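Chemist: Sequence:
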Amino acid sequence: MNIGKKTNLNRIFLARLAGTSVFDPNGDQVGKVRDAVATLRANNQPPRILGLIVEVPPRRRIFVPITRVTSIDNGTVVITGLLNMRRFEQRTNEIMVNSEMLDRSVTLLESNETVVVEDVAMELAKTGDWFIERVHVMKRGSGLRRRGASSTVTWAEISGFAIAEGNQGVSNLLATLANLRAADLASVLHDLNIKRRAEVARALDDERLADVLEEMDESARVELLAELEGERAADVLGEMDPDDAADLLREVGSEKAEALLALMEPEDAEDVQRLMHYEDYSAGGMMTTEPIVLTADSTVAEALAQIRANEIAPGLASQVFVCRPPAETPTGRFLGVVHFQRLLREPPATLLGGIVDNDIAPLNAHASLSEVASYLATYNLLSVPIIDANERLLGAVTVDDVLDHLLPENWRHDESMRKDLENR
1 MNIGKKTNLN
11 RIFLARLAGT
21 SVFDPNGDQV
31 GKVRDAVATL
41 RANNQPPRIL
51 GLIVEVPPRR
61 RIFVPITRVT
71 SIDNGTVVIT
81 GLLNMRRFEQ
91 RTNEIMVNSE
101 MLDRSVTLLE
111 SNETVVVEDV
121 AMELAKTGDW
131 FIERVHVMKR
141 GSGLRRRGAS
151 STVTWAEISG
161 FAIAEGNQGV
171 SNLLATLANL
181 RAADLASVLH
191 DLNIKRRAEV
201 ARALDDERLA
211 DVLEEMDESA
221 RVELLAELEG
231 ERAADVLGEM
241 DPDDAADLLR
251 EVGSEKAEAL
261 LALMEPEDAE
271 DVQRLMHYED
281 YSAGGMMTTE
291 PIVLTADSTV
301 AEALAQIRAN
311 EIAPGLASQV
321 FVCRPPAETP
331 TGRFLGVVHF
341 QRLLREPPAT
351 LLGGIVDNDI
361 APLNAHASLS
371 EVASYLATYN
381 LLSVPIIDAN
391 ERLLGAVTVD
401 DVLDHLLPEN
411 WRHDESMRKD
421 LENR
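Read the sequence shown against the working numbering and you will find it ends at 424, with the numbers running on by one and no gaps.
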C-alpha cells in the first residue's frame with residue numbers, strides 16, 4: 001500500500017506491524033519495526049502517529065518519522081531519506097504504542113464495560129497525517145471461558161487511555177516480542193519503565209527470563225531481580241548458566257544472595273556457590289561448570305549427539321572435554337579435548353580416547369582475565385578448560401565470557417562506546 005495516497009487500504013494494525021522488515025528505496029534491508037510512537041491529544045481526540053521505532057544493527061533502536069515511510073505492503077515497510085542513527089529516547093509526551101497501549105484495560109462508553117486492548121490501528125487522514133482511529137478490544141469471558149468476544153471500535157467509543165500506573169497485562173505485548181532473540185528482548189526491556197519491565201518478566205517462563213537476564217546490564221538485571229518474588233527469583237537463577245547466576249548473586253548483596261541460594265535446588269545452588277568463591281575476573285569466576293564432558297570410552301557418535309543439543313552454546317559446542325569418571329564437574333582426571341572438526345572427520349564408532357588432543361596445557365581457576373584472553377587468542381580456541389591442583393576439570397571459560405568481562409559495564413547501551421567499536 002502506498003501510504004502517501006488515499007486508498008481503501010489505509011488502516012494498519014500496529015501490533016501486527018511489529019517485526020516487519022524495513023527496506024530503503026534500493027531494496028536493501030535496514031532493520032525491523034519494533035514499535036510505533038504516538039502523542040495523545042486534548043479532548044480525547046485520536047492520538048497522532050509520530051513515527052516508527054526501527055531496530056538496526058547492532059540492536060540499536062532508532063526513530064523514523066512517519067513522513068519518511070513511503071509504503072507498507074506485503075509484509076514490508078519502505079522508507080526514504082537519510083536515517084538518524086542516534087538511539088531513540090522517549091520524550092515525556094510520547095507513547096510507545098505496543099509497549100504502553102496493548103493489554104490495557106479501558107472502558108466502552110456505551111455500556112460502561114471494561115475491555116482489554118488487543119491491538120490498535122492507525123488510519124490515514126485527508127491531511128496526510130496518521131491517527132489511531134480504531135481499537136481492537138476483547139471482552140472478559142464468562143463462566144469457564146477465559147476469553148470473551150472481540151470487536152473493533154473507534155477511539156471515540158472508549159475511555160481510560162491516559163497512560164498511567166495501573167492494571168495492565170502483557171499477553172498482547174508478548175505476542176509482538178515472541179520471536180525476538182534473548183539479546184534483542186533484553187534491549188527492548190531496557191527501554192521500558194521498571195513497572196512495565198517487571199510485568200513482562202513475570203509473564204515470561206523461567207527459561208526464557210533466565211536467557212534474557214544473562215543478556216542484560218548488571219544494574220538492570222539486579223533491579224529486575226528485585227521485582228520478582230523469592231521463589232520465582234530462585235527458579236530463574238536455577239535456569240541461568242551457573243557463571244551468570246554467580247555474577248548476578250555477587251551483585252545483589254551477601255544477605256539476599258544467601259536467601260536466594262537457600263531457595264534454589266541444592267544441585268544448582270552447589271554449582272553457583274562453588275563459582276562465587278572465585279574472584280569475578282579470574283578463570284574460576286568466569287567459567288561455566290556445564291561444558292560437554294565425556295569419558296575416553298565414549299564414541300564420536302555420542303559426542304556429536306551432545307553437540308547437537310539446542311541448549312549448548314556455540315562456544316561450548318566447539319569441543320568436547322575428555323575426562324576419567326565421574327563426568328560431572330569436578331570430574332576425574334582431565335585427559336584432553338576433541339575438537340568439533342576432528343569429530344566430523346572420524347567414523348561414528350571411533351572412541352574419543354584414541355583421538356584426544358592433549359598437546360595444549362589447561363589453565364587453573366586462578367588464572368587472570370588477561371591470561372585467559374591470551375590463551376584463547378594464541379591457540380585460536382572458543383573455550384579453555386579449567387582444572388584444579390589434582391587435574392580435575394572444574395569447568396570451561398568461553399570467548400563470550402571473556403568479552404563480557406573485557407568490555408566496560410553497560411556496553412550494550414553505551415552509545416559512545418558502540419561508535420568507537422564501529423569505527424575500529
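Note that these hints are calculated values from the structure, not bench results. It cannot be assumed that every hint is accurate.
Pairs of lysine to any residue, SDA-like flavour, derived with a Cα cap of 20 Å [claimed, not checked]:
1. Lys-32 x Asn-179
2. Lys-195 x Ser-105
3. Lys-126 x Arg-41
4. Lys-32 x Arg-86
5. Lys-139 x Asn-179
6. Lys-32 x Asn-84
7. Lys-256 x Glu-218
8. Lys-256 x Thr-295
9. Lys-32 x Gln-45
10. Lys-256 x Glu-311
Derived Cβ-Cβ restraints for the label pairs, each shown as a range [unchecked claim]:
11. Asp-297 x His-339: 17 to 23 Å
12. Ser-21 x Asp-297: 45 to 51 Å
13. Asn-43 x Lys-139: 32 to 38 Å
14. Ser-171 x Gly-128: 32 to 38 Å
15. Arg-232 x Asn-44: 34 to 40 Å
16. Ser-370 x Ser-171: 44 to 50 Å
17. His-405 x Glu-267: 24 to 30 Å
18. Pro-58 x Ala-125: 34 to 40 Å
19. Asn-364 x Ala-296: 21 to 27 Å
20. Gly-230 x Ala-361: 41 to 47 Å
21. Leu-406 x Thr-39: 49 to 55 Å
22. Pro-330 x Glu-255: 36 to 42 Å
Being a predicted model, the structure only gives us computed values, none of them experimental. All C-beta atoms, glycine included, are put in the ideal place defined by N, C-alpha and C.
Chemist: Need the status of pair Lys-256, Thr-295: alpha-carbon distance at most 20 Å?
Modeler: Roughly 38 Å between the alpha carbons, so the hint for Lys-256 and Thr-295 is violated.
Chemist: At the C-beta level, are Ser-370 and Ser-171 separated by a distance inside 44 to 50 Å?
Modeler: Check passed, 47 Å falls within 44 to 50 Å.
Chemist: Taking the Cβ atom of Asn-364 and the Cβ atom of Ala-296, is their distance within the range 21 to 27 Å?
Modeler: About 23 Å separates the Cβ atoms of Asn-364 and Ala-296, which means 21 to 27 Å holds.
Chemist: Quick one, are Lys-32 and Arg-86 close enough, alpha carbons at most 20 Å?
Modeler: holds (16 Å)
Chemist: Would the pair Lys-126 and Arg-41 pass a check requiring their Cα atoms to be no farther apart than 20 Å?
Modeler: Roughly 18 Å between the alpha carbons, so the hint for Lys-126 and Arg-41 holds.
Chemist: Taking only the CA atoms, is the gap from Lys-32 to Gln-45 under or equal to 20 Å?
Modeler: violated (29 Å)
Chemist: Looking only at beta-carbon atoms, does the pair Ser-21, Asp-297 fall within the given range of 45 to 51 Å?
Modeler: holds (50 Å)
Chemist: Does the Cβ pair Asn-43, Lys-139 satisfy 32 to 38 Å?
Modeler: With Cβ atoms ~27 Å apart, the hint is violated.
Chemist: CB of Gly-230 to CB of Ala-361, is that within 41 to 47 Å?
Modeler: holds (43 Å)
Chemist: Next pair to validate is Lys-195 with Ser-105; report whether the Cα-Cα distance is within 20 Å.
Modeler: holds (16 Å)
Chemist: Using the C-beta atoms of Pro-330 and Glu-255, is the stated range 36 to 42 Å upheld?
Modeler: Hint violated: Cβ distance 28 Å, outside 36 to 42 Å.
Chemist: Between the alpha carbons of Lys-256 and Glu-311, is the straight-line distance 20 Å or under?
Modeler: violated (29 Å)
When each numbered hint is compared with the structure, violations occur for hints 5, 8, 9, 10, 13, 21, 22.
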